[in-house]
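Trainee: Residue numbers (UniProt numbering), protein chains in the order written: chain A, 1 to 254; chain B, 1 to 254.
If you're looking for bench data, these hints aren't it; they were derived computationally from the structure.
As the structure is a computational prediction, the values presented were derived from the model and not from experiment.
Keep in mind that the hints are not guaranteed to be accurate.
[Stated by the list, open to error] Here's a subset of chain B near chain A, in silico, CB distances under 10 Å, partners left out:
1) C29
2) D30
3) A91
4) L96
5) A126
6) L138
7) L150
8) D151
9) F154
10) A156
11) E161
12) N163
The beta carbon of each residue, even a glycine, is placed where N, CA and C say it ideally should be.
There are 2 protein chains.
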Amino acid sequence: MSNRASPQAPPQGVRGHTEAPKREPHVGCDGCLARHLSVCASLPQEETRDLEAAAGKLRLPAGATLAREGAPRREVYTVTSGMLRQVRVLADGRRLVAGFLQAGDFIGLTGSTLHRHTIEAISDTALCAFPLQGMRALCERHPELGAGVLDHAFHALDASETNQMALARMTPLERLAGFLLDMARRQHQRGGEEDRVELPMTRADIGDHLGLTVETVSRSFTRLRREDFVHFDDPHHIELRAPDRLRALVQSTG
Amino acid sequence: MSNRASPQAPPQGVRGHTEAPKREPHVGCDGCLARHLSVCASLPQEETRDLEAAAGKLRLPAGATLAREGAPRREVYTVTSGMLRQVRVLADGRRLVAGFLQAGDFIGLTGSTLHRHTIEAISDTALCAFPLQGMRALCERHPELGAGVLDHAFHALDASETNQMALARMTPLERLAGFLLDMARRQHQRGGEEDRVELPMTRADIGDHLGLTVETVSRSFTRLRREDFVHFDDPHHIELRAPDRLRALVQSTG
DNA sequence: CGCCCGCTTGAGCTCGCTCAACAACAGTGG
DNA sequence: CCACTGTTGTTGAGCGAGCTCAAGCGGGCG
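When you get a sec, could you build the whole thing from the sequences and use the hints?
Mentor: See below:
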C-alpha cells in the first residue's frame, strides 16, 4: 500500500453540528463579486435576465456537503464566495482532492448524469445554483454561455495535467511551492494581496491534493519557512517572502 | 530530485530517418473507421459535407512529431488510426506523458493559442486535420459539433483526474493494472479483442505516464506475469488472463 | 476542565529509485 | 556477411526519500 488511508471525514458536517444548506431567491448578477470570473461573464451585462430567472442562491456552512460522488446531478453551480474541495475516495479510504474551488469557479464540468466528486465546503460558502434542464436551454439561447463552460473545462483540464506533472515527477518541496504559487495567483485575481495566501483547508487536504502525507506537507512547510521562502504564525495564513525564488524552485517549462 | 530525467527523444523522428508528414486531400467521412468514436459522430451522416470540405488528411510515420509544446496552434485533429503520445517536459528533462491518443481521439482540447503538449506518433498514424478558423465557423453552423468537443473535454478531464488518483495514491502494481484495463477497454471499443492490449509505446513512455521508472514498470509487468494476471512474449502485445482479478487489484470506487 | 482535532517533530523502516550489468534485436558500415 | 553500435527490456544490489509510527503541543468546544 502506498499511503495510509486518511480517517474518513464525519458523514455530515464538522464541529458537531450540520446546518442544512440555506436556499434563498437569487438577487441579481449586478453586484456579484464573482461575475467577472465566472461563466456568467461570457454574457453581456444586459442579458443576465435569463440567468437571474433560473438561478437560486445557496449558502453552505463550513464542513457541509454539497454533493456526493456517484449521486445524481440536478444542478450546476458557480461559487460566489468561500472555498470547497472536490474529493474522490477509493474503497479503502485513500483520498484524492482533485481541486479547491473558489469564487468564480464552476461546478458541473462533466457529461455524466452523476457527480464525479464529493464536494465539501471548507469555509462558509455561497453559490449560485442553476437547474441542469434550464442550463441546457440557456446554452442554446446564449451560445456564448456554452463557450464559457468549454473554456472553464479547458482550464480545468490544464490544471489537472499540471497537477499530474507535480504528482508524477516533482519533489514534495516543488509540489508545495507550485501549489502555493498557484493559490496565490488565483487569490490575487480575486482581489487578494499578491504575496499572501489563505489556506482554510487542513494539511491533510493539501496532502491528498499533492499526493503526500500530512507529515511530509508539514515538514515541507517548515523547510520553506526555515529557508525564508514563506512566513506564517497561523498555518492557514501564509506570506510569500520571495515569490521569484519560489518560482525558481518549480522551474517549469512555461 | 524525485526522478531521473529520461534521455530526451531525438529532436526529430526515430530510427535515424524522419519522413515529413504527408498531406493528402480528404477523401470523405463515409468509410472512416473512427467516425463513430470521434467528435464527427455528433453530426448526422448527411451533414458531413461541411466537415469534408474543411478537412485534410495527414499521415505520420512512427517517431514523427505532430506538434511541439508552446508552438502556435493552427489546426485541430481527429486520430483515424495509429497511436500518439501527449508529452510535457520540465526544464531538466523530467517528463509526463499526459495521455496516449488512439483512433477517434481529438487533439485540440485547449483554449490556448499555443500547443499545451508535444505530440509524437508512436506508431504510423493517420489523422484528419481541420484549420482552427474553419473549426470555429463549423461549430457555429453545427452546435452539435461544439457539444461533441465539450463532451470530449469532459472525458479527458475525467481521465486526467483518474490518473491523478493513480499517481497520488496507488501502488505501482495498481497503476499498471489500471492502465492495462483502461487501454484494453478503449481498444475493445475500437474493435480489438477484449482480453488483448497492444502497447506500441516503450516502457519509458508507460513510466512517464504512471509516474514510475522504466525499471519499476518492467518489474511490475514481471510480477503481473508471474502471478498469471497477464501473459506475453513480445512486451508490446499483452494478453489479459484474468481481467476480473485485475479489476479487483484496482479496487476503485466505481 | 478535559477531550478531540489539527499541526509539528522525531525515529526508524520500506518501497521505489539509482546504478549497473546483460541479453536481444535492429540498423549501419566495412 | 559479420562486427559494431545504439536502443529496449529485464534483472540484481544497495540506498535514500518519503512513509509509518509515536509523541507532544495548543486551541476550540462541550
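Trainee: Give a verdict on every hint.
Mentor: Each hint tested on the structure:
{"no.": "1", "hint": "C29", "verdict": "23 Å, violated"}
{"no.": "2", "hint": "D30", "verdict": "27 Å, violated"}
{"no.": "3", "hint": "A91", "verdict": "5 Å, holds"}
{"no.": "4", "hint": "L96", "verdict": "4 Å, holds"}
{"no.": "5", "hint": "A126", "verdict": "25 Å, violated"}
{"no.": "6", "hint": "L138", "verdict": "13 Å, violated"}
{"no.": "7", "hint": "L150", "verdict": "5 Å, holds"}
{"no.": "8", "hint": "D151", "verdict": "5 Å, holds"}
{"no.": "9", "hint": "F154", "verdict": "4 Å, holds"}
{"no.": "10", "hint": "A156", "verdict": "6 Å, holds"}
{"no.": "11", "hint": "E161", "verdict": "5 Å, holds"}
{"no.": "12", "hint": "N163", "verdict": "6 Å, holds"}
Figure legend: structure checked against the earlier numbered hints; hints not met, in rising order: 1, 2, 5 and 6.
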